[in-house]
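**Q** Chain order of the listed sequences is A and B. Just so we're aligned, residue 1 is where the first sequence starts under my numbering, counting upward by one. Just so we're aligned, residue 1 is where the second sequence starts under my numbering, counting upward by one.
These aren't lab readings, by the way, just hints derived from the structure by calculation. Hints are supplied without guarantee of correctness; some may be wrong.
What the hints assert, rightly or not - Computed footprint of chain A on chain B; a stretch qualifies when at least three of its residues, placed anywhere within it, have a C-beta under 8 Å from a C-beta of chain A: (1) 46-55; (2) 92-105; (3) 117-127; (4) 254-260; (5) 312-323; (6) 347-361.
Quick reminder that beta carbons are idealized off the backbone N, C-alpha and C, glycines included.
Number of protein chains: 2
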Amino acid sequence: MDFSLIPDGTVTSVPGFVTGAVHAGIKDKDELDLAILYSKMPCVATGVFTTNLAKSAPIILSQRHLTQRKARAIVVNSGCANACLGEQGMTDASEMASLTATKVSIASQEVLVASTGVIGKPLPMSQVRNGIEKIELHQDGGHELARAMMTTDTRPKEIAIQVEAKEGKFTIGGVAKGAGMMHPELATMLCFITTDAAVNIDFLQQSLKKAVDVSFNMLSIDGETSPSDCVFLLANGLASNTEIGFNNGGDFQNALNEVCVSLAKSIARDGEGATKLIEVVVEGAVNQTEARQAARTIVSSPLVKAAMHGGDPNWGRIVAALGRSGAKIREDKLDVHLNDVCVMKQGRPTRFDAEELRTSLARLNRVPIKVYLNLGDGRATAWGCDLSEEYVRINSEHAT
Amino acid sequence: MDFSLIPDGTVTSVPGFVTGAVHAGIKDKDELDLAILYSKMPCVATGVFTTNLAKSAPIILSQRHLTQRKARAIVVNSGCANACLGEQGMTDASEMASLTATKVSIASQEVLVASTGVIGKPLPMSQVRNGIEKIELHQDGGHELARAMMTTDTRPKEIAIQVEAKEGKFTIGGVAKGAGMMHPELATMLCFITTDAAVNIDFLQQSLKKAVDVSFNMLSIDGETSPSDCVFLLANGLASNTEIGFNNGGDFQNALNEVCVSLAKSIARDGEGATKLIEVVVEGAVNQTEARQAARTIVSSPLVKAAMHGGDPNWGRIVAALGRSGAKIREDKLDVHLNDVCVMKQGRPTRFDAEELRTSLARLNRVPIKVYLNLGDGRATAWGCDLSEEYVRINSEHAT
Numbered sequence: 001m002d003f004s005l006i007p008d009g010t011v012t013s014v015p016g017f018v019t020g021a022v023h024a025g026i027k028d029k030d031e032l033d034l035a036i037l038y039s040k041m042p043c044v045a046t047g048v049f050t051t052n053l054a055k056s057a058p059i060i061l062s063q064r065h066l067t068q069r070k071a072r073a074i075v076v077n078s079g080c081a082n083a084c085l086g087e088q089g090m091t092d093a094s095e096m097a098s099l100t101a102t103k104v105s106i107a108s109q110e111v112l113v114a115s116t117g118v119i120g121k122p123l124p125m126s127q128v129r130n131g132i133e134k135i136e137l138h139q140d141g142g143h144e145l146a147r148a149m150m151t152t153d154t155r156p157k158e159i160a161i162q163v164e165a166k167e168g169k170f171t172i173g174g175v176a177k178g179a180g181m182m183h184p185e186l187a188t189m190l191c192f193i194t195t196d197a198a199v200n201i202d203f204l205q206q207s208l209k210k211a212v213d214v215s216f217n218m219l220s221i222d223g224e225t226s227p228s229d230c231v232f233l234l235a236n237g238l239a240s241n242t243e244i245g246f247n248n249g250g251d252f253q254n255a256l257n258e259v260c261v262s263l264a265k266s267i268a269r270d271g272e273g274a275t276k277l278i279e280v281v282v283e284g285a286v287n288q289t290e291a292r293q294a295a296r297t298i299v300s301s302p303l304v305k306a307a308m309h310g311g312d313p314n315w316g317r318i319v320a321a322l323g324r325s326g327a328k329i330r331e332d333k334l335d336v337h338l339n340d341v342c343v344m345k346q347g348r349p350t351r352f353d354a355e356e357l358r359t360s361l362a363r364l365n366r367v368p369i370k371v372y373l374n375l376g377d378g379r380a381t382a383w384g385c386d387l388s389e390e391y392v393r394i395n396s397e398h399a400t
Numbered sequence: 001m002d003f004s005l006i007p008d009g010t011v012t013s014v015p016g017f018v019t020g021a022v023h024a025g026i027k028d029k030d031e032l033d034l035a036i037l038y039s040k041m042p043c044v045a046t047g048v049f050t051t052n053l054a055k056s057a058p059i060i061l062s063q064r065h066l067t068q069r070k071a072r073a074i075v076v077n078s079g080c081a082n083a084c085l086g087e088q089g090m091t092d093a094s095e096m097a098s099l100t101a102t103k104v105s106i107a108s109q110e111v112l113v114a115s116t117g118v119i120g121k122p123l124p125m126s127q128v129r130n131g132i133e134k135i136e137l138h139q140d141g142g143h144e145l146a147r148a149m150m151t152t153d154t155r156p157k158e159i160a161i162q163v164e165a166k167e168g169k170f171t172i173g174g175v176a177k178g179a180g181m182m183h184p185e186l187a188t189m190l191c192f193i194t195t196d197a198a199v200n201i202d203f204l205q206q207s208l209k210k211a212v213d214v215s216f217n218m219l220s221i222d223g224e225t226s227p228s229d230c231v232f233l234l235a236n237g238l239a240s241n242t243e244i245g246f247n248n249g250g251d252f253q254n255a256l257n258e259v260c261v262s263l264a265k266s267i268a269r270d271g272e273g274a275t276k277l278i279e280v281v282v283e284g285a286v287n288q289t290e291a292r293q294a295a296r297t298i299v300s301s302p303l304v305k306a307a308m309h310g311g312d313p314n315w316g317r318i319v320a321a322l323g324r325s326g327a328k329i330r331e332d333k334l335d336v337h338l339n340d341v342c343v344m345k346q347g348r349p350t351r352f353d354a355e356e357l358r359t360s361l362a363r364l365n366r367v368p369i370k371v372y373l374n375l376g377d378g379r380a381t382a383w384g385c386d387l388s389e390e391y392v393r394i395n396s397e398h399a400t
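My request is simple: use the sequences and hints to build the entire structure.
**A** And the structure:
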């Protein structure tokens, strides 16, 4: 398989998909806050949803709609999560779906709904109604959609890749949002992925789960899981490739992983208050499950995150996080590398140049942490960001 | 049972216990950093230890010494955790025990060792040797001990209570330290408790576990578990009460809970950068286990902690944390009270005066959060603190 990044690519880089966005007035600031993504062709569709038990109304509705395994439109708003509002929330989410369905002349069941923002505040439905009416769908609307999803994000997250597989050429595009309330299970964000590949729906469902597992589920900003998280994937088949399924899905899986990992890293890099991307690789765990646990615990540790913020090579905190992760360790087999400098070898501190490492850590905008457990062949990578005073400032301001 | 707080009470308020502390030079700053607690009489003793797999050398040694279920002295230092140092760490911890044993003429096995501070830095043993030699033990040394244990703590944590039980009068005293790397399982700190009660050792072991479960294990500063945590309890029997055991231990258990909860709250209030104690009560969970999970998840949530720092009545974050806690919830049965104001009733936001609540939250130095699940009779309380810019500042400064 070969794939290439499409310059400035986004969800509408994929043939057949159009989007549009407006400032409906859900956010106070004059920013885009409502958008529709629409496929001109019927699509098979699948989703992965938050594990939070306090699910938002749009999540409940979209899960219901996806039972038929097809969808042609997504309507999304920022500024209000439509969560914790009981029946009113469900009524409003349903109305968003049916207004969108009417606008593009499809069944209401084919519309997925996503809302992100403050919990417990009802949607201003007159603004939503006017907004949906005013949205104009066009071929290069992907960037608008990516902006309309943003809350505390400082930049849009978008990607599209062109894939040349044995089954034919196809394109995968994705947009995502997420900056706070971010943690594995699910990685607490919105992500919409489009593709023109012809894909078997059973395979597509499994394929998205696998891709989410190695990307968004390995991402943590602050250990929180929001009630609104979801990843939607729509495949319209326009690429006319040989249908992709379980027996020939390897290339598609790799390409989809690539898109999801890239978006996950963009989200980590743009974490609330973040100045650095942290990438934790754990190798040699007893098995993959323990490797994942260890990588996620380290990347989520507030003390590791704060140390990396200050450029402090405080590897003791990495070992302490590892020790409470649940993964089996043997201290006398443990090696730790920080920005490719070995700081612990077989459980003992090495004589590294702390001043030099400090200087290099302070300069980096991507900090690689590598932990070798030397017990088995479990391997995993997790992404997160440093913890800054700015994170606290953003989250102690009044949102209510 | 009746009990009264001893004014200015500490571990040496209990008859038979003496302590002393010095500045040995383990810390750079001219602060007390080495102390010995000693019982003139033989004691039965028990301990509870960190669940972190990267255990420090003093933890391993003290666990070994406590297998004989008696101890007469504790030697403790701050400024260096003696963790992640392999064989050297064990040698140094053993030497600390034997020097202390020689000083007070007891067996080395009767000395418990505790070290707190930076991980991966070897103990400066010549300072430790000189320090132990210089320590003078005296009757009112408890306050010195409490100060010598401090790392990023801003104030010592001490308590002593006088108990009048059916079994006779006795005293329980405790000192604790801990401000960062604090989370349940175990609550990531050092705590030494003394009592002159005559107590059956089997009962004492179980009793300490129970007390730790409702106090330090319900405490979170930042979700971290350190490799050095321990709680030691020494009982010298000088009170000449009827021996306390399983059949008559209720009063002792209540008194011990009281001491542990009080010290746990002191620790939460003095969390790194903390300006407020947060107390989360969960009622009506399916069972106690789920109530504990829910209370601990809410009190550990960085977004809840940041909101409380800013005095923001953002109850949506409380519900979001609850939703990911693993405890069963039914949104339409859920009530949430913030500083005794009902902000959510049966899963729906109430019309509370947000401005007024904001003003009161900003003023409080103890924020009560109450969550009623209305599903069963599980009940639990957890303690923590707000998340401030100062926490990040403290932990991004160079410790290495």
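**Q** Provide an ascending list of the numbers of those earlier hints which the structure does not satisfy.
**A** Hint check: 2 and 4 fail, others pass.
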